[in-house]
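Student: Single-letter residue listing:
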Amino acid sequence: MFTSSRRVASAAALVGLLSLGLSACGGGTTKDSTAAQGGGGQTTGSAPASADPNAPIKEGLKIAFLPKQINNPYETIVDKAGIEAAGEYKGEAKEVGPSDASASSQVSYINTLIQQKQDAILIAANDANAVCGPLKQAMSKGIKVVAYDSDAAKDCRNLFINQASSEEIGRSQVKMLSDQIGGKGEIAILSATANATNQNAWIEFMKDELGKPEYKDLKLVKVAYGDDDDQKSFQETQGLLQAYPDLKGIISPTTVGISAASRYISGSKYKGKVAVTGLGTPNQMREYVKNGTVKEFALWNPKDLGYLASFSAAALASGRITGAEGEKFTAGKLGEFTIGKDGEIILGPPFTFNAENIDEFDF
Amino acid sequence: MAPDVTTGALGGSLQRFLRWDVLVGVLLVFVFAGGLTGSPQFGNIDNLSFALGDLGEIALIALAMTLLVVAAEVDLSVASVLGLSSALVGNLWDAGWAIETIIPLVVVVGALCGLVNGLLVTRLGLPSLAVTIGTMALYRGLAYVVLGDRAVAGFPQQFTDLAVNDVPGTFIPYPVMLFVALAAVTGVVLHATGFGRSLFAIGAQVEAAHFAGIRVKRIKLILFVVASVVAAFAGVIYTFRYGSARADNGSGLEMAVIAAVLLGGVDFDGGKGTLGGVIAGVLLIGLLRNLLMLNDVSTEIQSIVTGLLLVISVITPRLVAAVRQRRRTPTLTTQPTPEG
Chain A
14 MFTSSRRVAS
24 AAALVGLLSL
34 GLSACGGGTT
44 KDSTAAQGGG
54 GQTTGSAPAS
64 ADPNAPIKEG
74 LKIAFLPKQI
84 NNPYETIVDK
94 AGIEAAGEYK
104 GEAKEVGPSD
114 ASASSQVSYI
124 NTLIQQKQDA
134 ILIAANDANA
144 VCGPLKQAMS
154 KGIKVVAYDS
164 DAAKDCRNLF
174 INQASSEEIG
184 RSQVKMLSDQ
194 IGGKGEIAIL
204 SATANATNQN
214 AWIEFMKDEL
224 GKPEYKDLKL
234 VKVAYGDDDD
244 QKSFQETQGL
254 LQAYPDLKGI
264 ISPTTVGISA
274 ASRYISGSKY
284 KGKVAVTGLG
294 TPNQMREYVK
304 NGTVKEFALW
314 NPKDLGYLAS
324 FSAAALASGR
334 ITGAEGEKFT
344 AGKLGEFTIG
354 KDGEIILGPP
364 FTFNAENIDE
374 FDF
Chain B
3 MAPDVTTGAL
13 GGSLQRFLRW
23 DVLVGVLLVF
33 VFAGGLTGSP
43 QFGNIDNLSF
53 ALGDLGEIAL
63 IALAMTLLVV
73 AAEVDLSVAS
83 VLGLSSALVG
93 NLWDAGWAIE
103 TIIPLVVVVG
113 ALCGLVNGLL
123 VTRLGLPSLA
133 VTIGTMALYR
143 GLAYVVLGDR
153 AVAGFPQQFT
163 DLAVNDVPGT
173 FIPYPVMLFV
183 ALAAVTGVVL
193 HATGFGRSLF
203 AIGAQVEAAH
213 FAGIRVKRIK
223 LILFVVASVV
233 AAFAGVIYTF
243 RYGSARADNG
253 SGLEMAVIAA
263 VLLGGVDFDG
273 GKGTLGGVIA
283 GVLLIGLLRN
293 LLMLNDVSTE
303 IQSIVTGLLL
313 VISVITPRLV
323 AAVRQRRRTP
333 TLTTQPTPEG
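These protein sequences, in sequence, are chains A and B.
Numbered according to the numbering used here, the first sequence spans residues 14 to 376.
Numbered according to the numbering used here, the second sequence spans residues 3 to 342.
Just chain B, same shape as in the assembly (with noise of 0.2 Å):
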């Protein structure tokens, strides 16, 4: 799609516009003002503060899991590994462990969570989508056999306020801190890296990548690891945020995680996407269920207009390309057809 953009500064901004990350970004301030004028509470620090820390787990894994799919690989099982992880906090908390020595811990078990996922998926050629449903229900499944239906509760006051409070002077929860570094990281990363080159090469042509000299398999485990381990740690945060370690917790978080990298305009087949219109997929997720919520919108009409953005933002982009690939046809021959 790069070389498309030689066509004049005109059609360039033009094209950019049309772009559905930037529509995201666009739609997310639209939001973002409704919200300001439309609802006195919106606006409120306390209300954006957790607002912004509700969405941290959710964010932290989408830049994982961004990668992947713009690798054309994705990442069902991200939500059973927070569980997991949270069962395992809770667990080994409950059996006089140091919390110090138990996040270091949660972590590795992610990052082995995540070896046998991208070994599975690398080694055995298997697609992602069949592999990571079976680890969904495997780790969810691990998760009970460590914690059972017990909930732990009790944690140390330091740490779920780590988890809870904004960074002093700010409404920015820490947790959001972390995702604003990692996030600056991910996007150097990927937009500014020969290795985020070679994941939209992955993603666009894995033969062509290969042949290109790409190490196309570590790279994929790698990327594999990177969302486990970043989905152990947001269930360390989850856990103290909510102050209860569960089996269950975050079940079914991977659909909005994976949503928020689609409504970003990440194409699903891999190869497309940016990091931006990841973070603003996200925050319009996030901030239009939040201001949906503050006016008493009921929940099923909230799961309809996040439904229906999802939706829209999948066909967009193929009809933009479809309109833009019929209007380049005609310019072949542009008779002036007399009218009328």
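Okay, chain A solo, but in the shape it has when bound (with noise of 0.2 Å):
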């Protein structure tokens, strides 16, 4: 071994020499050099055709659905809504994907759905620049793209739709805690995985939040990452309240995370002295919020999500909307919405979830 470090050490020798050669060069690809030749990633962009507000649903309409993974409780109740949605407007749909929630499983799923020319792509992207080559290549054979539950990058999809606003869902989450614990003392996030484009910007917003006067007496002391995986969130949860003795409440923005967090703290001796809260689904969250554990969380309604997702894409396929900020289309029982800014659609409010109330939902 000790006979081969001189080896070693002209080989990380040659690599200085041959870093510092290319980059003496000057004339490389750099990132700088890049962006001033106007970017690298020209927005292909379908041709704005103009949105024709009275033009009729399409029958047959061949819509799926491409969730992060199959298998998610979460995402088979939005799926699912979708799909029922579409028997509304006489469409087909379905629903495929990856049975991992990795970046590059879903794009194989998108190659698929291009071949076999659906009329809408309806994607829960698992990485927001990943999926973004092939979904545009989908929109240049006319297929529209809708995300929804975590977005793609903007120039990768007509209309991204948006559970709740970002903003809305980070500051109420931080009020909710806070007024649970009495607006004191250390707290904790539990999200999903690290990269989940959702969980960040809500994290960012409760940090946000949590720089106001009113929340001073609170401290953030550790964001950890359950991955969206049961046993490890429950893991998490159990060293955060190891790691920190004094911590007062958990705020996990995902329905794996808040139940495996409800579930360690109501067999533990911290039952009743931390608080949880953040978003989770009645069924999974109705024994913690029976036994006292959890006081109240929030979610949207998934099938509303679904539902939503669902006749947008159909709207778009048809021509009655081009994703332009502005037009108003109306989705079934849900009523009229209006696209927003960046081709975005929010379903509405969070929605929260109490010992009152909890017993009129099961999903």
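Bear in mind the hints are in silico, worked out from the structure with no lab data behind them.
Mixed in with the good hints there might be a few duds.
Pairs of lysine to aspartate or glutamate residues, derived as DMTMM-like cross-links and limited to a Cα-Cα distance of at most 20 Å, are as follows [what the hints assert, rightly or not]: (1) A:Lys44 to B:Glu102; (2) A:Lys282 to A:Asp168; (3) A:Lys75 to A:Glu101; (4) A:Lys188 to A:Glu217; (5) A:Lys245 to B:Asp151; (6) A:Lys93 to B:Asp298; (7) A:Lys130 to B:Glu302; (8) A:Lys154 to B:Asp48; (9) A:Lys107 to B:Asp298; (10) A:Lys44 to B:Asp48; (11) A:Lys354 to A:Asp168; (12) A:Lys235 to B:Asp151; (13) A:Lys188 to A:Glu222; (14) A:Lys130 to B:Asp271; (15) A:Lys286 to A:Asp168; (16) A:Lys154 to B:Asp168; (17) A:Lys286 to A:Asp259; (18) A:Lys220 to B:Asp151; (19) A:Lys103 to A:Glu72; (20) A:Lys93 to B:Asp163; (21) A:Lys197 to A:Asp230; (22) A:Lys75 to B:Asp298; (23) A:Lys341 to A:Asp355; (24) A:Lys44 to B:Asp96; (25) A:Lys130 to A:Glu105; (26) A:Lys154 to B:Glu209; (27) A:Lys220 to A:Asp168; (28) A:Lys107 to B:Asp163.
Taking the hints as your guide, dock the two standalone chains into a single complex.
Tutor: Here is the structure:
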């Protein structure tokens, strides 16, 4: 091993020289030189055909939902509602997707959907940029792309159906937790994966909200990542409580995280002492709300999200809307929606669940 | 196994047909023909181009992995080297470095990773399975140190185009073209040179190879370095192809690579296998998956199908060998037994 250390050293020296030489040339392709040329990724964007608000919804539209991963209970609820909604406008909808929530695995599915000549692809992006190339290709072939739940880069989709404004979600969660713990003490966030676009947007707004004077006594000690894996989220919760014995509350803006955190706390000595809130589904959280571990948590109605996404894809594919700001359309029983800035449509404010109302919901 | 082939023309061709790598090739032809006739989208140029491109990194790494497995070693850290390479590309690009500088640097880092694997295996005599399980975690960890949880995007178009676009006039993406060229070189090295033969010798009987004057340790070291260099370069391609540099890029890819190598009929104990079989194995896994996806077959069924194929690929050669053994034993006393 030691005889070759000299060889290693000379190899290292070679690297140094090589990179020095290359950068000395100065003709390389760097971030700055590309930016000066006007950016690497040119927007292809489909030609802005004009919208015809009175165009009928076409019959037999082929719509495909591509969730972050299949067999994720939350995504299943969303997609199922979207598929059912397609029945209302006589479309054919389906759900396909990878079994792991990785960025690359969604790409193969996009290719498949392009080949199958779907009228619209609805995607909850695992990585805003990794799915971008294939989505652009889909759009160039006349396929409408609607992102829902987790956005793709703006120039790679026609619309983004936002479950609630990121700002509203982020800020309201801080308020909810602060009210529960009397506005004082150490708090932590238990998120999903570190790259999830939606999670990070919410966490940014939480941090911003915490900067306000009324929350000066709240101290965010850690953002932990449970990777939307039940066991890992459970262990991360355990770890948080051991590392920060004075912890007063946890915000978990993910359905997997909040139920794992509640399960751990409800079976530990921290029950009733550490508050848990965040985003969860009523069926997963019912037990913990009833046994007093959790006072309240929030969520939008995932069925409405799938329903709205499905209808907006149909409206796009039928030419009723093009995705431009200010266009309006009707999404079945949910009524009228207006497209906001950057092609974003917001479902509505988050809904708070507590012991009084939780039994009215079953999902 | 080579001396066996002296059993006459008929026996020879029969035996050749019974060879697993040839069977995989035949199976590949069946899947391809089945796809062309059974699915309207499969034969589409865009689809084939995508399906091939999607295999690019796996195929490239499989070449180097074949050499290792033939020499009775394995490298489980390749996907982590790919991830580390991707993370480095992202970090350095974000810091304003030029792509032309980043690529050679990343390849050298790959070589260092391979050197660590190779030295631990050859100098300390540790089993490569154990060593590379360790470095698999180590290199992936380093990838997270380099890039953290970030995802870097916005790479220059001329490079991302190279990773995605087809060679003009064909449906073969540039990375696959690179694979074709490297496969030709690897095929010649493995099957037509003394170096290639020494790999088989090492895999079959390492002591005999040593006493025959083969520099076993040096050769193994070279193989580990080559595997990591290829994996690092594959990391660059992967990053440009998806346009997103992340530390978790390609996680689990080592299993796809090893699956393809084993499916291609390379003996995990070393000493046996052909590169043609491995190439057929890579294509079979990729095209079959593509075909299943086009027909909306669920992910669970896809993974069951690939899993079964793999199990069969490991069992069949042993079964064939056992049958052959049994058939050979009674030939010594070929008394036609009276029937009924």
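Student: Taking the hints in turn, state whether each one holds.
Tutor: We went through each hint and held it up to the structure:
Our distance criterion of 20 Å between C-alpha atoms is met by A:Lys44 and B:Glu102, whose separation comes to about 12 Å. At most 20 Å may separate the alpha-carbon atoms for a hinted pair to count; A:Lys282 and A:Asp168 exceed this at roughly 50 Å. A C-alpha spacing of about 13 Å is found between A:Lys75 and A:Glu101, which places the hinted pair at or below 20 Å, so the restraint holds. Pair hint A:Lys188 plus A:Glu217 holds up; C-alpha atoms about 15 Å apart against a cutoff of 20 Å.
The straight-line distance between the Cα atoms of A:Lys245 and B:Asp151 is roughly 17 Å, inside the 20 Å bound, and the hint therefore holds. For the hint linking A:Lys93 to B:Asp298, the alpha-carbon distance of about 17 Å falls within 20 Å, and the restraint holds. The suggested pairing of A:Lys130 with B:Glu302 is violated, with an alpha-carbon distance near 24 Å, which exceeds 20 Å. Of the supplied pair hints, the one linking A:Lys154 and B:Asp48 holds, its CA atoms being roughly 12 Å apart against a limit of 20 Å.
Proposed proximity of A:Lys107 and B:Asp298 is supported: the alpha carbons are some 9 Å apart, at most 20 Å. A distance of roughly 31 Å separates the Cα atoms of A:Lys44 and B:Asp48; the hinted pair therefore is violated under the 20 Å criterion. Among the hinted pairs, A:Lys354 with A:Asp168 is consistent with the structure: their alpha-carbon atoms are about 13 Å apart, no more than 20 Å. Annotation: proposed proximity of A:Lys235 to B:Asp151 holds, straight-line Cα distance about 15 Å (limit 20 Å).
A threshold of 20 Å between alpha carbons decides the hint, and for A:Lys188 with A:Glu222 the separation of about 9 Å falls inside it, so the pair holds. About 46 Å separates the Cα atoms of A:Lys130 and B:Asp271, which puts this hinted pair outside 20 Å; it is violated. As the CA atoms of A:Lys286 and A:Asp168 are separated by approximately 46 Å, the hinted pair breaks the 20 Å bound. Proximity of A:Lys154 to B:Asp168 is assessed by CA-CA distance (about 18 Å); at most 20 Å being required, the pair is judged to hold.
With a CA separation close to 10 Å, the supplied pair A:Lys286 and A:Asp259 stays within the 20 Å bound. Annotation: proposed proximity of A:Lys220 to B:Asp151 holds, straight-line Cα distance about 18 Å (limit 20 Å). The hinted pair formed by A:Lys103 and A:Glu72 meets the criterion: a straight-line CA distance of about 5 Å does not exceed 20 Å. With a C-alpha separation of about 37 Å, the suggested pair A:Lys93 and B:Asp163 falls outside the 20 Å cut-off, and the hint is violated.
Restraint check for A:Lys197 and A:Asp230: satisfied, since their Cα atoms lie roughly 5 Å apart, inside the 20 Å limit. A C-alpha spacing of about 14 Å is found between A:Lys75 and B:Asp298, which places the hinted pair at or below 20 Å, so the restraint holds. As the CA atoms of A:Lys341 and A:Asp355 are separated by approximately 14 Å, the hinted pair is consistent with the 20 Å bound. The hinted pair formed by A:Lys44 and B:Asp96 meets the criterion: a straight-line CA distance of about 7 Å does not exceed 20 Å.
Straight-line distance between C-alpha atoms of A:Lys130 and A:Glu105 comes to about 13 Å, which keeps the hinted pair within the 20 Å bound. Of the supplied pair hints, the one linking A:Lys154 and B:Glu209 is violated, its CA atoms being roughly 60 Å apart against a limit of 20 Å. Between the alpha carbons of A:Lys220 and A:Asp168 the distance comes to roughly 28 Å, so the proposed pair goes past 20 Å and is violated. This hinted pair does not check out: A:Lys107 and B:Asp163 have alpha carbons roughly 32 Å apart, beyond 20 Å.
Violation of the numbered hints given earlier is confined to hints 2, 7, 10, 14, 15, 20, 26, 27 and 28; the remaining hints are satisfied by the structure.
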